[in-house]
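Kindly generate the complete structure, drawing on both the sequences and the hints.
From first to last, the protein sequence lines are chains A and B.
The first sequence begins at 127 in the numbering used here and counts up one residue at a time.
The second sequence begins at 127 in the numbering used here and counts up one residue at a time.
By construction, these hints were calculated from the structure, which means they are not laboratory data.
Hints are supplied without guarantee of correctness; some may be wrong.
Note that identical chains are pooled: a pair holds if it fits in a single copy or bridges any two copies.
DMTMM-like, lysine to aspartate or glutamate: derived pairs with alpha carbons at most 25 Å apart [unchecked claim]:
#1 208 to 194
#2 132 to 441
#3 355 to 382
#4 195 to 130
#5 195 to 317
#6 355 to 381
#7 355 to 229
#8 355 to 378
#9 355 to 230
#10 355 to 227
#11 208 to 130
#12 355 to 317
#13 355 to 284
#14 195 to 284
#15 195 to 176
#16 355 to 176
#17 153 to 327
#18 153 to 333
All of these numbers come straight from a predicted model, not from anything done at the bench.
Protein chains: 2
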Amino acid sequence: MLDDRKLAVLRAIVEDYVSTHEPVGSKTLVDRHNLGVSPATIRNDMAVLEEQGYIAQPHTSAGRVPTDKGYRLFVDRLSTIKPLSAAERRAIETFLANAYDLDDVVSRTVRLLAQLTRQVAVVQYPSLTRSSVRHVELVPIAAQRLLLVVITNTGRVEQRAIETHEDVSDEAIAHLRALLNARLDGCWLTDVPDALADLPEQVPVGERPLAATVLSVLLESLVEKHEEKIIIGGAANLARADLSQSLRDVLEALEEQVVLMRLLGEAENPSGLTVRIGTENPHEGLRTTSVVATGYGAGDQAVARLGVLGPTRMDYPGTMGAVRAVARYVGQILAGS
Amino acid sequence: MLDDRKLAVLRAIVEDYVSTHEPVGSKTLVDRHNLGVSPATIRNDMAVLEEQGYIAQPHTSAGRVPTDKGYRLFVDRLSTIKPLSAAERRAIETFLANAYDLDDVVSRTVRLLAQLTRQVAVVQYPSLTRSSVRHVELVPIAAQRLLLVVITNTGRVEQRAIETHEDVSDEAIAHLRALLNARLDGCWLTDVPDALADLPEQVPVGERPLAATVLSVLLESLVEKHEEKIIIGGAANLARADLSQSLRDVLEALEEQVVLMRLLGEAENPSGLTVRIGTENPHEGLRTTSVVATGYGAGDQAVARLGVLGPTRMDYPGTMGAVRAVARYVGQILAGS
DNA sequence: CTTGGCACTCAGAGGAGAAGAGTGCCAGAT
DNA sequence: ATCTGGCACTCTTCTCCTCTGAGTGCCAAG
Numbered sequence: 127m128l129d130d131r132k133l134a135v136l137r138a139i140v141e142d143y144v145s146t147h148e149p150v151g152s153k154t155l156v157d158r159h160n161l162g163v164s165p166a167t168i169r170n171d172m173a174v175l176e177e178q179g180y181i182a183q184p185h186t187s188a189g190r191v192p193t194d195k196g197y198r199l200f201v202d203r204l205s206t207i208k209p210l211s212a213a214e215r216r217a218i219e220t221f222l223a224n225a226y227d228l229d230d231v232v233s234r235t236v237r238l239l240a241q242l243t244r245q246v247a248v249v250q251y252p253s254l255t256r257s258s259v260r261h262v263e264l265v266p267i268a269a270q271r272l273l274l275v276v277i278t279n280t281g282r283v284e285q286r287a288i289e290t291h292e293d294v295s296d297e298a299i300a301h302l303r304a305l306l307n308a309r310l311d312g313c314w315l316t317d318v319p320d321a322l323a324d325l326p327e328q329v330p331v332g333e334r335p336l337a338a339t340v341l342s343v344l345l346e347s348l349v350e351k352h353e354e355k356i357i358i359g360g361a362a363n364l365a366r367a368d369l370s371q372s373l374r375d376v377l378e379a380l381e382e383q384v385v386l387m388r389l390l391g392e393a394e395n396p397s398g399l400t401v402r403i404g405t406e407n408p409h410e411g412l413r414t415t416s417v418v419a420t421g422y423g424a425g426d427q428a429v430a431r432l433g434v435l436g437p438t439r440m441d442y443p444g445t446m447g448a449v450r451a452v453a454r455y456v457g458q459i460l461a462g463s
Numbered sequence: 127m128l129d130d131r132k133l134a135v136l137r138a139i140v141e142d143y144v145s146t147h148e149p150v151g152s153k154t155l156v157d158r159h160n161l162g163v164s165p166a167t168i169r170n171d172m173a174v175l176e177e178q179g180y181i182a183q184p185h186t187s188a189g190r191v192p193t194d195k196g197y198r199l200f201v202d203r204l205s206t207i208k209p210l211s212a213a214e215r216r217a218i219e220t221f222l223a224n225a226y227d228l229d230d231v232v233s234r235t236v237r238l239l240a241q242l243t244r245q246v247a248v249v250q251y252p253s254l255t256r257s258s259v260r261h262v263e264l265v266p267i268a269a270q271r272l273l274l275v276v277i278t279n280t281g282r283v284e285q286r287a288i289e290t291h292e293d294v295s296d297e298a299i300a301h302l303r304a305l306l307n308a309r310l311d312g313c314w315l316t317d318v319p320d321a322l323a324d325l326p327e328q329v330p331v332g333e334r335p336l337a338a339t340v341l342s343v344l345l346e347s348l349v350e351k352h353e354e355k356i357i358i359g360g361a362a363n364l365a366r367a368d369l370s371q372s373l374r375d376v377l378e379a380l381e382e383q384v385v386l387m388r389l390l391g392e393a394e395n396p397s398g399l400t401v402r403i404g405t406e407n408p409h410e411g412l413r414t415t416s417v418v419a420t421g422y423g424a425g426d427q428a429v430a431r432l433g434v435l436g437p438t439r440m441d442y443p444g445t446m447g448a449v450r451a452v453a454r455y456v457g458q459i460l461a462g463s
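Encoded structure:
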């Protein structure tokens with residue numbers, strides 16, 4: 127249906143359009159790439175490509191521009207992910223290795239991605255739902271006031287204040303703390319409710335109100351509210367991308383956590399690269415942008431996702447390479463710490 | 127030097143320009159405000175105002191536009207802060223009251239400010255340097271690994287992992303924890319170094335390496351690294367403000383923590399409103415924007431700052447009212463929790 | 001000090017024309 | 001069958017022009 131040369135033409139159009147930002151015509155195409163045929167031939171090929179919906183003309187007497195469908199074909203069949211240079215890899219490695227806690231890892235990652243791709247970077251905090259409990263701490267911080275701290279194996283620390291509404295003895299707290307740790311150490315967060323279902327019955331009657339309160343806060347903060355935190359960076363790169371019209375829509379979309387979540391996407395292939403092009407995106411205001419995302423995590427278990435967002439007219443091979451590389455290194459850092 | 131009517135004219139120019147976004151001429155001015163004199167008179171006044179640098183013409187045959195100096199005079203002498211409506215105040219109150227931890231308070235505040243002013247909101251996390259210690263906790267989370275948690279009176283929780291490089295007994299930890307709490311409870315963070323100067327000598331010889339390690343981490347995380355965290359919101363409002371040219375510069379500036387810090391400013395009058403207009407800003411890319419900021423904190427002690435950033439052509443009275451009101455309510459929430 | 005009148009300036013809108021890029025198609029060459 | 005050169009055609013875009021109107025500055029009179 128599409129012979130090799132037509133595919134080559136499509137590839138050339140995408141590459142040229144990405145680098146020049148201007149509709150590309152048959153003549154400039156043969157000038158820049160040595161396709162070995164004349165402009166007229168290319169024109170015939172282009173007519174076919176247009177008929178099939180891979181390219182389009184902004185107006186009659188202009189060159190061609192890839193459509194979303196064209197980019198899709200390009201990404202799926204005509205391009206290979208471009209590995210980073212050794213220098214870039216070293217830079218990533220040392221930059222991330224200097225992070226000293228989870229917040230810092232994430233914030234460095236987002237800056238790194240934005241700089242590397244010169245686009246908007248989006249990084250999701252390591253999810254709680256796929257983490258396990260490393261330690262639970264219960265600390266009195268004032269009369270009738272406790273602090274509950276949960277540390278996960280992904281380095282995330284979750285804390286919540288608890289009002290007890292009655293004085294609580296230090297022994298009761300110590301007892302409960304020991305009990306919680308015994309039950310939860312190494313436990314997947316998703317299994318916490320089951321592991322603690324019978325907790326109230328396991329404590330002396332006098333401590334039951336306390337246990338109940340702590341339990342409800344614990345479940346609420348870890349399970350129900352699995353508020354997936356996301357941060358973005360490099361928004362200034364949007365201005366460079368002259369999306370002009372829709373810039374405002376894009377900025378608005380980027381401020382909504384929910385939209386961002388959906389953007390990064392429930393990965394079909396959890397740890398593989400996902401590319402969403404233009405209208406494939408789930409959000410209205412992002413019809414002219416593409417998202418390149420992937421999962422990352424300690425070891426091979428993906429615990430969260432990260433990616434970049436840019437104009438559909440982006441350098442897909444390079445972007446994909448950068449996203450993949452950053453995800454790998456972050457994974458290593460998380461596994462190591 | 128400037129009589130009452132000239133001031134009235136300046137005020138009218140500022141108000142009209144802010145609401146219409148267009149240079150204002152002498153005729154439209156007398157039409158809209160009843161100044162009781164003819165356009166020709168106004169023109170004479172305008173000529174004087176222009177000579178003194180309060181207004182300017184974009185080009186010869188256009189109306190006048192306030193200069194930074196003009197806005198400055200307007201803010202200082204010609205306007206009064208506009209209080210919020212009762213409905214708005216109620217909305218703020220309930221919205222903030224539903225926050226359940228410090229992160230949530232801050233994130234709600236930033237959204238609130240952005241929505242209320244329809245500009246970019248900037249909120250600094252309650253600073254550590256002006257807080258006092260409420261509780262210190264030391265928790266073993268693995269062999270040779272401790273977690274140090276410090277809770278401050280502003281609700282901020284700071285945590286750091288500590289590598290001990292040797293096994294440590296539970297008694298040693300408990301001892302150190304008790305000692306730290308005894309020494310630091312209620313202590314201003316800035317006084318922590320003094321309060322702990324002689325710590326190593328106060329513990330048994332066997333525990334000194336541990337004490338030294340913990341001490342260094344503690345000092346580092348609380349004092350030296352007083353990394354002032356800042357979050358922003360409502361960036362989409364920038365697109366509405368058609369700063370066109372400089373939009374990219376502004377977005378870039380907003381991504382640099384350091385710039386943001388300087389923006390919020392070392393307040394001359396710590397808890398009062400600060401207004402920085404156009405070129406008064408310390409940053410290159412923000413020549414066409416103004417910043418309205420104020421301190422906030424639990425009680426009357428300002429612990430951090432918040433504010434908004436928008437085009438110099440902004441509604442100063444309204445913005446100042448909103449910023450002041452939000453700062454007050456946040457202060458109340460912090461004091462109450 | 002204020003006012004009406006008047007000449008002057010200049011940005012911006014609108015239109016006409018020329019230039020140029022690129023296309024589609026056709027007939028001939030390979 | 002496929003490719004190629006030629007050619008007419010279509011639009012956008014740039015430039016140049018004029019015209020309009022808002023707004024000014026100045027002046028002489030109230």
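Hint check:
Taking the shortest Cα distances, residue 208 and residue 194 sit within 25 Å of each other inside one copy (21 Å), while across copies they are farther apart (50 Å). Taking the shortest Cα distances, residue 132 and residue 441 sit within 25 Å of each other inside one copy (20 Å), while across copies they are farther apart (57 Å). When the C-alpha separation of residue 355 and residue 382 is checked against a cutoff of 25 Å, the pair qualifies both within a copy, at 11 Å, and between copies, at 21 Å. In the homo-oligomer, the alpha carbons of residue 195 and residue 130 lie at most 25 Å apart inside one protomer (18 Å), although the nearest pairing across protomers, at 66 Å, exceeds that limit.
Proximity of residue 195 to residue 317 under the C-alpha cut-off of 25 Å is found in neither arrangement, the shortest distances being 42 Å within a copy and 63 Å between copies. For a Cα distance limit of 25 Å, the shortest separation of residue 355 from residue 381 qualifies both inside one copy, at 12 Å, and across copies, at 18 Å. Taking the shortest Cα distances, residue 355 and residue 229 sit within 25 Å of each other both inside one copy (11 Å) and across copies (11 Å). In this assembly of identical chains, residue 355 and residue 378 lie within 25 Å of each other by CA distance both inside one copy and across copies; the values are 17 Å within and 23 Å between.
Both within a single protomer and between protomers do residue 355 and residue 230 lie at most 25 Å apart by alpha-carbon distance, with minima of 14 Å and 12 Å respectively. Proximity of residue 355 and residue 227 under a CA criterion of 25 Å is satisfied in both settings, with 16 Å inside one chain copy and 15 Å between copies. Taking the closest pair of Cα atoms, residue 208 and residue 130 come within 25 Å of each other only inside a single copy of the chain (22 Å); across copies the shortest separation is 69 Å, beyond that limit. Taking CA atoms no more than 25 Å apart as the test, residue 355 paired with residue 317 passes inside one copy only; the shortest distance there is 21 Å, against 34 Å between copies.
In this assembly of identical chains, residue 355 and residue 284 lie within 25 Å of each other by CA distance both inside one copy and across copies; the values are 12 Å within and 18 Å between. Proximity of residue 195 to residue 284 under the C-alpha cut-off of 25 Å is found in neither arrangement, the shortest distances being 43 Å within a copy and 49 Å between copies. For a Cα distance limit of 25 Å, the shortest separation of residue 195 from residue 176 inside one copy, 11 Å, qualifies, whereas the shortest one across copies, 57 Å, does not. Neither within a single protomer nor between protomers do residue 355 and residue 176 lie at most 25 Å apart by alpha-carbon distance, with minima of 42 Å and 51 Å respectively.
In this homomeric assembly, residue 153 and residue 327 never come within 25 Å of each other (Cα to Cα): the closest approach is 81 Å inside a single copy and 82 Å across copies. For the identical chains of this complex, residue 153 and residue 333 are neighbours neither inside a copy (83 Å) nor across copies (79 Å), given an alpha-carbon limit of 25 Å.
Consistency with the previously given hints fails for numbers 5, 14, 16, 17, 18, ordered from lowest to highest.
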